[in-house]
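Chains as they are written, first to last, in the working numbering: chain R, 26 to 426; chain Y, 26 to 426; chain E, 26 to 426; chain F, 26 to 426.
In case anyone wonders, no lab produced these hints; they're calculated from the structure.
No residue lacks a Cβ here, since even glycine has one placed at the ideal position from N, Cα and C.
A portion of the hints provided could be inaccurate.
Heads up, simulated DSS-like pairs for lysine-lysine below, C-alpha to C-alpha not over 25 angstroms straight-line [as the list claims (entries may be wrong)]:
| hint | chain 1 | residue 1 | chain 2 | residue 2 |
| --- | --- | --- | --- | --- |
| 1 | Y | K167 | F | K148 |
| 2 | Y | K148 | F | K282 |
| 3 | E | K148 | R | K167 |
| 4 | F | K47 | Y | K148 |
One-sided excerpt, in silico: chain F residues whose CB lies under 8 angstroms from chain R [what the hints assert, rightly or not]:
| hint | residue |
| --- | --- |
| 5 | V195 |
| 6 | A255 |
| 7 | L297 |
| 8 | A304 |
| 9 | L306 |
| 10 | T339 |
| 11 | A342 |
| 12 | V343 |
Number of protein chains: 4
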Amino acid sequence: MNLEEAVSALASGDMKLRDAAKALDEDRAVEARRRALEARHDLDLSPLDGRLRGSEAENNVENMVGALEIPLGVAPELEVHGEHARGIFDVPLATTEGALVASVSRGCSAVRESGGAVARILKDGMTRAPVFLTSGVEEALKVSRWIDGNPDAVNRAVSSTTEHGELLDVEPFPVGRNLFLRLRLDAKDAMGMNMVTIASEAVAELIEGELGIRLVSLSGNMCVDKKPSALNVVRGRGKSVAAEVVVPRDTVERVLKCTPDSIVDLNVRKNLIGSARAASLGFNAHHANIVAALFLATGQDEAHVVEGSTGITTAEAVDGDLYLSVTLPALPIGTVGGGTRLPAQRACLETLGVAGGGEPPGENADRLAEIAAATVLAGELSLMGALAAGHLSRAHEELGR
Amino acid sequence: MNLEEAVSALASGDMKLRDAAKALDEDRAVEARRRALEARHDLDLSPLDGRLRGSEAENNVENMVGALEIPLGVAPELEVHGEHARGIFDVPLATTEGALVASVSRGCSAVRESGGAVARILKDGMTRAPVFLTSGVEEALKVSRWIDGNPDAVNRAVSSTTEHGELLDVEPFPVGRNLFLRLRLDAKDAMGMNMVTIASEAVAELIEGELGIRLVSLSGNMCVDKKPSALNVVRGRGKSVAAEVVVPRDTVERVLKCTPDSIVDLNVRKNLIGSARAASLGFNAHHANIVAALFLATGQDEAHVVEGSTGITTAEAVDGDLYLSVTLPALPIGTVGGGTRLPAQRACLETLGVAGGGEPPGENADRLAEIAAATVLAGELSLMGALAAGHLSRAHEELGR
Amino acid sequence: MNLEEAVSALASGDMKLRDAAKALDEDRAVEARRRALEARHDLDLSPLDGRLRGSEAENNVENMVGALEIPLGVAPELEVHGEHARGIFDVPLATTEGALVASVSRGCSAVRESGGAVARILKDGMTRAPVFLTSGVEEALKVSRWIDGNPDAVNRAVSSTTEHGELLDVEPFPVGRNLFLRLRLDAKDAMGMNMVTIASEAVAELIEGELGIRLVSLSGNMCVDKKPSALNVVRGRGKSVAAEVVVPRDTVERVLKCTPDSIVDLNVRKNLIGSARAASLGFNAHHANIVAALFLATGQDEAHVVEGSTGITTAEAVDGDLYLSVTLPALPIGTVGGGTRLPAQRACLETLGVAGGGEPPGENADRLAEIAAATVLAGELSLMGALAAGHLSRAHEELGR
Amino acid sequence: MNLEEAVSALASGDMKLRDAAKALDEDRAVEARRRALEARHDLDLSPLDGRLRGSEAENNVENMVGALEIPLGVAPELEVHGEHARGIFDVPLATTEGALVASVSRGCSAVRESGGAVARILKDGMTRAPVFLTSGVEEALKVSRWIDGNPDAVNRAVSSTTEHGELLDVEPFPVGRNLFLRLRLDAKDAMGMNMVTIASEAVAELIEGELGIRLVSLSGNMCVDKKPSALNVVRGRGKSVAAEVVVPRDTVERVLKCTPDSIVDLNVRKNLIGSARAASLGFNAHHANIVAALFLATGQDEAHVVEGSTGITTAEAVDGDLYLSVTLPALPIGTVGGGTRLPAQRACLETLGVAGGGEPPGENADRLAEIAAATVLAGELSLMGALAAGHLSRAHEELGR
């Protein structure tokens, strides 16, 4: 089979992505897959084969000496029934961990056989929490009450810094003489951390001016940014998002080589009891793997995988079938700003149909969050199936990790 | 100034990396910096300007459609006094977060002015914790005691799977009928997760055969892999590593534009009290940012930034100067296997002088861990200085994040 | 000195409580102190010398075989400047831990020398969180939105069960098919757990009827009752309350035998860094000791010391003096119901002037909470002073613990 | 029925404890039950009806003004198959929470019908963790290595302070310039906190003398005493102990009015998922209630209920029956010292056959720990049954809480 034939077969679905390497050498297989994706999505994906130029990245790095290339694979045909994302998606994943894309792909197949994954955003809002020094508890309470009583002034301070973001609320946490104020913004299609930081600075200046207390640090670690925290688990940060699927028993047995009961049992012993005994903030098999690979591919902040690792996976047997869900309380994600502007990252967002600002604003980030949750679901399904079937390390051995 | 002149000036240190863009356009500045690095380290860094080919990445990804390019910058001249890493390092950092490399670079300057950072490995060992089903507490205890009493058999099982790894210990955690066994291996220069997984499978087979209990899952979530957990904080996973520096008051004032006391004060209110109030597992400013960027650059597993975010930063005023330390209890890191084999990632490891297996085995991974801790220290120093000086969001605004 | 003389001297303050045992044997010293308290507060404290009769306790225990007696001491003359509690209080503490009352008493002296402790309630509300089974994420969201949209129906359900309590809010937490609803009530002078449980049952019946989902458990562990949890730390449960004091350097040196700086230093290394490294939810020296002793004395639920142990102590040097604060995010406390009805417990509440319902309702519980926080503050001050001065174990040795 | 007849009937088992109040008024029912217990165990339980005298409590409290009486009930006939405790126990519980003793009693019945509870101690050792100030990471490592290399010197320091206790290990935790050393002692029948504190002081003096570093605080909060902590969950403190039972389906249905499946389901949704979502350190229904009541009755430190609340309850359907287990990682408990010397508390210990030092030393404390775990198991079984059957708040309403 020559390259052109392979492209056609892949684009039409007659050939699966994973079979390209059987027909072509690996270098040409990569090209064939990329061109097939271009055809399927009517896109130019040349940045995935390009060199990143300094002038393209000058807002993203300093002292640039080149580019670091992460292998990019695709988990094909994930069916999502979100409130925002609806359809079938070829999910780009950047990773160096052999077997990961294959595993997620298997999950996508199982999800699709099951009629797709439901996904929903549960809560939304990007946060920043400056810390102020007060004279003590009384003053800290006074400031908290002033903020409650002066929403217009606070909103004005926020809107002086951003056209897009909207202040959702300000939660005060006094601790001795310290007053932490956790501001939460609807950042629309932006992940929003810069937006909320700049807005917080304006609010901090307002408070310093009006109430005479001193800002100690624009970030007081109750944001909580890039540190695992129960606060984010309980209150959310970025998108709180969930996805679920009911996988027919037959699909579990045929695709995952195990049974619904074995996955339910494994979920209780591993993801719930094991994580409880480890005093963990993540009750899942490997949310972080999928979040990391999707975040890299789509230009998110790579350190935000920390928050993305704190989800809960549940599994139940329902009428003999397998119900599986993932809930991610804190997923900071966006489609504008930061790394989303880089050529390859943007090409990946385009593959998912969510590049740039959405219509209405926020729509693209909402879609991406739902796709992310569904992808995590597919990844959980596949790994838990592999563990239940007992062949985790064998997969790794074969795939050379 | 033409390109060749710039390369010379950069290589000799007459021009700073960050000044290259003043003399050349950004595309050529990137080339000049890379060539200067090549000259300084006598290396071929062409992979940083290359295209990743499918045949180079076939062990690292499936369904490959190309490569995702992450801008790669360098934080120059980090002086490290480790037990293993000794010298001055140009630290490669892959990130899309504008201002990060500039900030770490400023930290490296301050560290160097201070005579360098001390770094030490506190503990080492990669872990995997399979979970077994027993008949109950009595049998779980019996199995635990059998393992204690049969070290030779357990060691034989482990060494049947690996030439390099050495079993350090097996810690049992019974919970009802579940028995979790946390195996810890000295994985030498490998990060070791695959090694310990495969070894765990052999031990699991031994136990199933000898004691008649059933393996439920090769990973029981007490490993703990890629979920934030107090277990890893308390017991360590991968390298537990620390770094510290005493920054003279003058350097704090001149380079960081603040005072030792202001950083000490900020550390207490933000990194300690703020994180405490947020019920966080990370008591630091932004360890995750530096870990993420260095992990990407050096081919580590990008999801392991989760563990890398759980460190503690301390700051003290000592004789008027600033003592700053970082302690990272769980840093999974290696120089062989996984993403370290990819061309650009290997070029970054070479820049640090730690590519491939060390001499003696484990030496390269130890060096990299110490460099990582020192880089995190530089990153903390710079960000905390910026926060104390009150210009965090301004830096971001200017740098376009 | 005979008994009557001792009573007079103690009541007038000419003799300190701790000196009674020098003038009388211990049995008569106890009587003298009790009678002096009766005189000072114009109370009948005979229940502290009585036998608990079965008919007095039939609502509090089953299969009663007698009473367990806990030694009751008094930490005298705690000066409190609360929003609710204002004055000087003789704080009853029931404990078997030798040295505890003596230590808190020392703290009370230091607080009084410092002009008293400021105390404030930061937040209030008792919670219960039933868990429901839904068909999945969509239905869970639908129920959440129904509750938001039908406040009147929910309030009616609550008020059908209680005259006193007022619903503050209902926070939904969906996890897969599970929906947790955390109800929060203003329970006035009651600790409120029964009140909110009964109200939750009514709300659960409403929801089952209206929306057709099934209640799994009236408590879904997101209440969170008697389990340490970050949720309570972050969101509060019962009273969130704080107290603070500025202790003059001279008082620190003379009463506590150390310096402000030594306590500040100890607070950072022990209460902040030590607790951080232990992945603790309590950043304090021994809040639980004082909470436990005061809870026993005043008829609180003894298991609620769990929540009462999760506070943060901060210490700062301010103009050479010592600023010390305690913040208790979750203190379930009341003055009516439960053990507060028992004779000895009621006598202790009367000693503090907070027995029974307050005027307006809630006032007595608020006062007790502020006194509790101030007592915890005194206890922290004294123990931290002892540790800083280096004589913790010596105190225990001498006092025979 | 007169009093004497009731005593006979209760002692012989012809009448149940809970039926005494039907035959007699509540005051005389209490006497009858107590006298029946005296007869059954051949004991003098008059302290349960007495007044605590000052001279009896002078080591346990200061400024004593009397005694606080806690109602004391009995949960009868708990069958325990421990490694140490074997037999049927009448468990004394001191509480003010109506319905608690009745609920635990129901659990004891169900456990007995099931053939008793298995109980085992998993790990043992009381801890104290002083914190030292070093010059930095290098010195901290040097000290750690010195301790490893000088076990004899360290053991001599410990044994100079205690005849009974044996040093088990010393675990170092360096954090910046701070070095925490967590000493663990086998304290035999003592709970051991004083013992390990005094031993730690001797070790601290040794280290200060030999290595020239300064002790900052004899307790560095990594002990971890009376603060909820993952460290204790992971490493244990005091006794780590577990209990389990297999309850036949018929017993579940008849005694608990629900089904094994309903309890298994409730355990997953409430105790595992609910606690996970709340970022809790306790994965159980109400361990703290039973620990608190038993600790009060047997003279334990009442603030140690904090550690006792961090257990995990698991439930499984096994061949149609219900398997239930509790695992308590950190239960500080003893039969000598502290409150165990008080008359009523000692009477309760005698009722369980574990008063004073055991033979061999440690045996009594081990027995008590196993009984405690089995009692917690009974309490979990009953409450979870009540919740599954849907009548929690009704029980409270009826019993007047």
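Evaluation of the provided hints:
no. : hint              : in the structure
1   : Y:K167 <-> F:K148 : holds (13 angstroms)
2   : Y:K148 <-> F:K282 : violated (52 angstroms)
3   : E:K148 <-> R:K167 : holds (13 angstroms)
4   : F:K47 <-> Y:K148  : violated (65 angstroms)
5   : V195              : violated (23 angstroms)
6   : A255              : holds (4 angstroms)
7   : L297              : holds (4 angstroms)
8   : A304              : holds (4 angstroms)
9   : L306              : holds (6 angstroms)
10  : T339              : holds (6 angstroms)
11  : A342              : violated (11 angstroms)
12  : V343              : violated (12 angstroms)
Comparing the model with each earlier hint shows violations of hints 2, 4, 5, 11, 12; every other hint is respected.
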